[in-house]
Structure formats: structure tokens, C-alpha cells
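Number of protein chains: 2
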Amino acid sequence: MRFSIASKCKDTKARAGVLATARGEIETPVFMPVGTQGSVKSLTPEDLEAAGVAILLGNTYHLYLRPGLNVIDRFSGLHAFMNWSRPILTDSGGFQVFSLATLARITPEGVLFRSHIDGSRHMLTPEKVVEIQNRLGADILMCLDHCTAYPATLHEVEAGVALTTDWARRCKTAWEEQQKGALFGIVQGGGYKDMRERSLHDLMTLGFPGYAVGGLSVGEPKAALLETAAFTLERLPEESPRYVMGVGSPEDLVALVSMGADMFDCVLPTRNARNGSLFTSSGTVNICNAAHRFDTGPLDPECPCYTCRNYSRAYLRHLFTARELLAYRLNTIHNITYYVNLMARMRKALLEGKFEAFKKDFYAKRQM
Amino acid sequence: MRFSIASKCKDTKARAGVLATARGEIETPVFMPVGTQGSVKSLTPEDLEAAGVAILLGNTYHLYLRPGLNVIDRFSGLHAFMNWSRPILTDSGGFQVFSLATLARITPEGVLFRSHIDGSRHMLTPEKVVEIQNRLGADILMCLDHCTAYPATLHEVEAGVALTTDWARRCKTAWEEQQKGALFGIVQGGGYKDMRERSLHDLMTLGFPGYAVGGLSVGEPKAALLETAAFTLERLPEESPRYVMGVGSPEDLVALVSMGADMFDCVLPTRNARNGSLFTSSGTVNICNAAHRFDTGPLDPECPCYTCRNYSRAYLRHLFTARELLAYRLNTIHNITYYVNLMARMRKALLEGKFEAFKKDFYAKRQM
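If you're matching them up, the sequences are chains A and B in order. Here the first sequence stands for residues 1 to 368, numbered as in the working numbering. Here the second sequence stands for residues 1 to 368, numbered as in the working numbering.
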């Protein structure tokens with residue numbers, strides 16, 4: 001994997017780049033839709049490609065438990081299993097163990113847990129998460145890390161950073177034996193700047209092809225999230241791709257790109273789509289709203305997506321109100337396209353040296 | 001609308017025909033997927049066209065209640081509302097009033113009922129169902145009829161036939177004022193042959209562009225269904241299209257085509273798809289079955305559908321087990337394609353004079 005910067009903003013830390021992988025080039029900044037269980041909910045790979053999606057995120061925890069690696073091995077990886085040929089980034093599974101599994105218990109060796117599906121016992125170690133991600137055929141792998149809850153004491157965060165560093169070292173060793181995809185380190189440290197600095201120092205000393213900012217969007221106030229992100233992002237190596245995990249709203253993404261972030265994943269566009277909350281250039285639309293009942297116009301006249309080109313707000317409202325399955329798909333196509341296009345518009349503005357003007361226009365329109 | 005017969009079977013009453021409408025030609029025998037609420041559950045119009053669907057069925061009862069005609073009027077009909085350009089047949093709404101609405105009450109004038117959605121009071125009369133179907137922009141309209149429950153006494157069925165005839169007369173009068181689509185009469189009469197004969201006689205005396213066999217698949221044994229269908233179908237005019245409503249399994253459709261039926265609708269392929277029950281040339285597959293867990297092969301190697309061309313049984317099983325929304329869509333695409341192809345295969349066999357051979361092969365393979 002090679003990362004090159006195509007253009008830098010003169011006013012902010014934003015940059016446009018290209019992440020070259022064996023499965024194709026990814027233009028950054030990039031948004032990665034979440035395909036938790038080997039599917040971005042309700043969409044086919046063709047829907048994703050039509051929306052301009054360049055890379056997906058797959059969840060190791062879910063795929064490891066169901067369908068299981070012995071199934072995915074028959075397909076030599078997740079790509080053939082789900083019929084997706086572009087790059088995939090997989091997480092380590094650690095975050096989901098703490099949010100979904102029962103009886104998760106941390107040992108120096110790894111994380112012991114019971115499956116949320118059938119209660120079966122499992123252990124994820126740094127070595128094992130690298131093996132799993134390699135068997136999934138990930139183009140980008142993530143280190144096993146320890147994300148502390150919010151709020152957390154300095155002592156808890158310090159222990160989390162130490163564990164994250166130790167596991168990152170073991171992940172790197174395991175990964176170096178195979179080096180199939182690119183392994184990213186994850187910076188932890190909660191809201192404590194000295195802990196963030198320690199984690200940054202530890203990981204950069206180990207050295208990774210890319211770095212992620214972890215431990216965000218875990219319940220902290222928005223201002224704290226952005227402050228921690230800015231603090232961490234500006235200390236990461238200029239030449240490496242920087243991935244902010246699990247964030248966020250369109251406004252967050254523009255702010256984070258301004259701080260120098262290159263990659264994002266978030267369930268917001270897909271989950272909100274299934275709840276009828278749709279992103280448009282002029283604000284967020286609740287499609288249930290009776291105001292749309294007779295509206296023959298598209299959801300967003302500026303949007304080039306399949307949904308906006310072919311259907312009216314009235315039809316989308318009807319499908320959603322009637323709980324028709326097609327509602328989830330049409331809404332998801334739109335929200336994913338909105339996120340992908342937001343990234344593309346930022347990239348274009350960066351290449352044209354107009355990022356500040358783009359930002360002003362973006363925030364003004366979204367608040368209409 | 002014009003119906004022409006292209007080929008007749010020499011051994012059975014089966015025939016291949018063409019139903020020419022203002023929105024295009026429909027080759028018969030034809031299966032019409034059910035788009036109850038302005039959507040064939042989980043599919044886009046493009047999915048339906050790719051599956052070879054030539055005509056959809058829309059449910060008047062549902063669309064009248066939600067989104068309501070004042071919404072659909074803004075689109076000048078259902079076609080533009082749901083973005084479907086091929087023909088649509090709408091039912092009269094009468095059947096759903098009895099199966100879904102609360103407090104349905106029959107008067108000579110029409111049917112009084114309360115909406116199953118919000119309890120609001122409504123009345124459907126023969127004149128009103130013609131008006132609604134015209135406002136929906138139906139290419140084929142159905143008369144309001146009275147379908148007696150099973151079992152029913154001779155007295156009940158006799159009253160139902162009388163009402164069906166009276167309402168058919170009033171529907172025809174209302175329709176003749178506008179003549180937008182083609183109005184079909186519906187033969188009732190339960191399992192009583194003399195009542196079927198009376199209903200046939202009454203409707204054929206009134207005269208319609210096409211005829212439907214109603215009152216089937218309401219709980220009667222399969223043998224009774226087929227016997228009543230055969231009795232009714234062979235008494236319908238040779239030159240008119242014959243539509244068997246709400247039936248049935250692939251085996252039923254082959255039997256009914258042999259009896260001279262041309263058109264079908266049924267929720268079976270779409271509903272079963274959402275329950276993981278998938279039709280294939282070699283029998284019906286329950287995709288949940290553990291036998292498919294490691295199966296890298298397609299659901300049906302003989303099937304040309306998007307699902308069979310791109311996905312494995314293992315992936316379909318995984319999606320269904322994980323309750324992924326994509327499961328419903330991929331399964332529905334397959335089952336609809338199976339039904340459409342079954343019709344196309346029967347038509348081809350009829351045109352080639354090989355219908356009897358097709359039937360033998362079909363039943364033998366399905367029982368494998």
C-alpha cells in the first residue's frame with residue numbers, strides 16, 4: 001500500500017491524497033460504508049459501486065462469529081463471499097467485543113468473551129485478529145486495541161494505552177510474517193492529552209503504514225471529540241494515511257478533514273437511512289414528515305443518486321410509512337451517495353485550492 | 001386491449017398468446033408479481049424488468065387507503081408514482097376488504113368497511129372501484145365481486161353470484177363512460193358447478209374484454225381448486241384472456257396453463273422468498289438448511305437471475321440467517337425470475353409444440 005498527497009490546503013491541515021492498494025486506488029478523503037455482516041445493509045455491490053464507494057469496512061467480530069472463518073475460507077476471503085472486488089478494511093473486532101459480546105474480560109494475552117449470538121466462548125489475541133483479518137482477505141487490517149469507556153480515570157486510560165501499545169507490537173510482529181494487507185495502528189488515550197501523546201509516541205516508534213484515531217464518539221461531548229481529534233491528527237506523520245474511526249455527521253467529517261483526516265467510517269448514513277433521516281445539501285430531512293406527502297420533487301435536486309433521479313419525496317415517504325423494504329434500500333443509496341459525494345466535493349475543492357470557500361458554503365447551506 | 005392466440009397445445013387446453021396493451025405487449029401465459037403498496041416488496045422496477053416481468057398487479061384497497069388517491073393524482077397514476085412503465089393490472093379491492101378491513105359489511109350498494117390502518121370508514125361501490133382503478137391508471141381493471149368464504153352453503157354462494165353479477169353490470173356501465181383500460185369480469189360460484197355456470201352465463205352475457213376465475217385458493221382442498229378451475233376455464237370464451245386469481249405453486253401454474261389459463265398473480269414467490277423458501281428447477285430449497293452452509297455453488301445452476309449469477313448458497317444462507325435486508329431482495333429476485341421463466345418455458349414449449357414433453361420433464365425434475 002502506498003499513500004501519496006496530491007494537494008494540501010493552505011488555510012487548514014486538509015489534504016487530498018491517493019491510497020494505492022493491490023485492489024485499486026482510493027482517492028482521499030474517503031468515506032467507508034460499514035458492511036458489518038458481509039453486506040452494507042440492503043445494498044448490493046453494484047449499488048455501492050454506482051454510489052461511488054471505493055472501499056468498505058467489514059467487522060471482524062461479526063464475520064468471525066457468523067458465518068465463521070471456515071465458511072469464508074471456502075471463498076478465499078470476504079471479497080468473493082460477498083461479491084465485492086474493491087478494497088476492504090477490517091476492524092480488529094475488539095471494539096465490538098466490548099459493545100456486543102457478553103462477559104468480555106481483558107487479560108494480558110487478549111480478550112475473552114461470549115458470543116452475543118449463541119453464548120459460545122472465544123478469545124481474541126493480537127496474533128489471532130491479524131490471522132482472522134488475513135483470512136478475510138483485508139486490504140487494510142487494524143491492530144487489536146483497548147478503547148476505554150467515557151468517562152474514564154487517568155489510571156484506566158494509562159492502562160488502556162499500555163495494553164494498546166503491547167498489542168500493537170504483537171500485531172505488528174504477527175503481520176510482518178505475512179504482510180498481506182497494510183496494518184494500521186490505533187491511537188488511544190481517551191481525553192487525556194498526555195496519554196494521547198504517549199500512545200502516539202509508542203505507535204510511531206513501532207511504525208505502521210497508517211494510523212487511526214480511536215476512542216472517539218464513545219459518549220464524550222462533541223467539542224471534546226473534535227479537540228482530541230485535532231490534537232491527535234496534527235501529531236501523526238504527515239506522509240501516512242490518517243483514519244478517524246466511527247465518526248460522524250457530515251459536519252464532523254468536514255471539520256475532521258480540515259484537521260488532516262483522510263479516512264472515515266460510520267454507521268450514521270446507513271442507520272439513519274433506515275430510520276428515515278436523510279442527508280441533503282440543504283439540511284437533514286425526516287422523510288416521515290407530512291410536508292412531503294404530496295411532494296413530487298426529488299429528495300435533493302442536487303443529488304445524482306439513483307433514488308433522487310427516479311423517485312419523489314412523496315413516494316419515499318409512502319414507502320417508509322408503509323414499512324416497505326424498498327424504503328431502506330432507496331434511503332441507504334441516497335445517504336451513502338451523499339457521504340461519498342461530500343468526500344468527492346472536498347477533494348475537488350482541495351485540488352482546486354478552494355477548500356475554505358467550500359466549507360463556508362457547506363455549513364451555510366446545511367443550516368438552511 | 002387486444003388478445004391473440006399464437007399457438008395451441010394439441011394435447012391439452014393450453015395456449016400461448018399475446019395481450020396487446022397501450023403500454024406494451026404481454027406474452028402469455030404470464031405471471032404478474034404482486035406490488036401491494038406500490039412496490040413489489042424489496043425490488044426496484046429495474047430488478048423487475050431484469051427478471052423479465054411484463055405486468056404487475058397493484059392492490060386497490062391498499063393504495064386507496066395509503067398513500068391515497070389525492071397523492072397518486074399528483075403523479076397522474078401509479079406508474080409515475082412508483083416509476084414503472086410497463087402495464088399494471090389492479091384488483092377491485094373487494095377481496096382485501098374482506099380479508100384485512102375491520103367490520104366489513106355488504107349492502108346492495110357496495111361494501112362498507114373500516115381501514116385496517118387507522119379505523120377510518122369507507123365505502124367501495126362498483127362505480128367507485130372503477131373510478132379508483134382509472135385514477136390509478138390501471139391497464140387492466142377488475143370488477144368488484146363477492147368472493148364467498150370456504151366452506152359456504154349453496155344459499156350463500158347463490159347470493160354471492162347474484163351480487164357479483166349485479167356489481168359487474170354496474171362496473172361495466174361505469175367503465176363504458178371512460179374505457180381507459182380493459183375491464184375484466186370475475187366468475188364466482190364457490191365449489192358449486194351450477195353456480196359457476198350461472199356466474200359464467202351472467203358475465204358472458206354482459207360481455208367483458210377478459211375474464212377471471214375468482215373464489216379459488218380460499219381454503220378448499222387442492223383437488224377441489226383444480227376441479228373448479230378446470231370446469232370454469234373450459235367454459236370461458238376461447239378468444240378472451242383468462243386470468244386465475246391468487247394461485248399458486250409452480251405445479252399449480254403448470255396444471256392451470258394446461259387447462260387454458262393465461263394470466264396469474266400470487267404472493268407465493270415473493271412471500272416465500274422472504275421466508276427463505278426458494279423455487280428451483282430441482283425442487284424447493286429452504287435456504288436456512290445447514291446443508292448450504294459451505295456450498296459455494298449457486299442456488300440453481302440453471303437459473304439466469306442476478307442472484308444465481310453472482311452469489312452462492314452459502315452467502316444466501318448467511319444473509320438470511322443474519323437477517324440482512326439484502327437476503328429478502330436476492331431471494332425475491334430469484335423467486336420472481338423462477339416464476340417468470342417458468343411461464344416463458346411453457347410458452348416456448350407451446351410455440352414449439354412440445355408442451356406435453358415439457359410438463360413431464362418439469363414434474364419429474366421438481367420431485368427430485
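These aren't lab readings, by the way, just hints derived from the structure by calculation. Be a bit skeptical, because a hint or two may be false.
Derived Cβ-Cβ restraints for the label pairs, each shown as a range [unchecked claim]:
| id | chain 1 | residue 1 | chain 2 | residue 2 | range |
| --- | --- | --- | --- | --- | --- |
| 1 | B | Glu176 | A | Pro304 | 42 to 50 Å |
| 2 | A | Asp73 | B | Pro221 | 44 to 52 Å |
| 3 | B | Ala6 | A | Glu49 | 53 to 61 Å |
Glycine included, C-beta positions come from ideal geometry on N, C-alpha and C.
Here is how each hint holds up against the structure:
1. B:Glu176 to A:Pro304: 42 to 50 Å: holds, 46 Å
2. A:Asp73 to B:Pro221: 44 to 52 Å: With a Cβ separation near 49 Å, aspartate 73 of chain A and proline 221 of chain B satisfy 44 to 52 Å, so the hint holds.
3. B:Ala6 to A:Glu49: 53 to 61 Å: Roughly 40 Å apart at Cβ, these two residues miss the hinted range, so it is violated.
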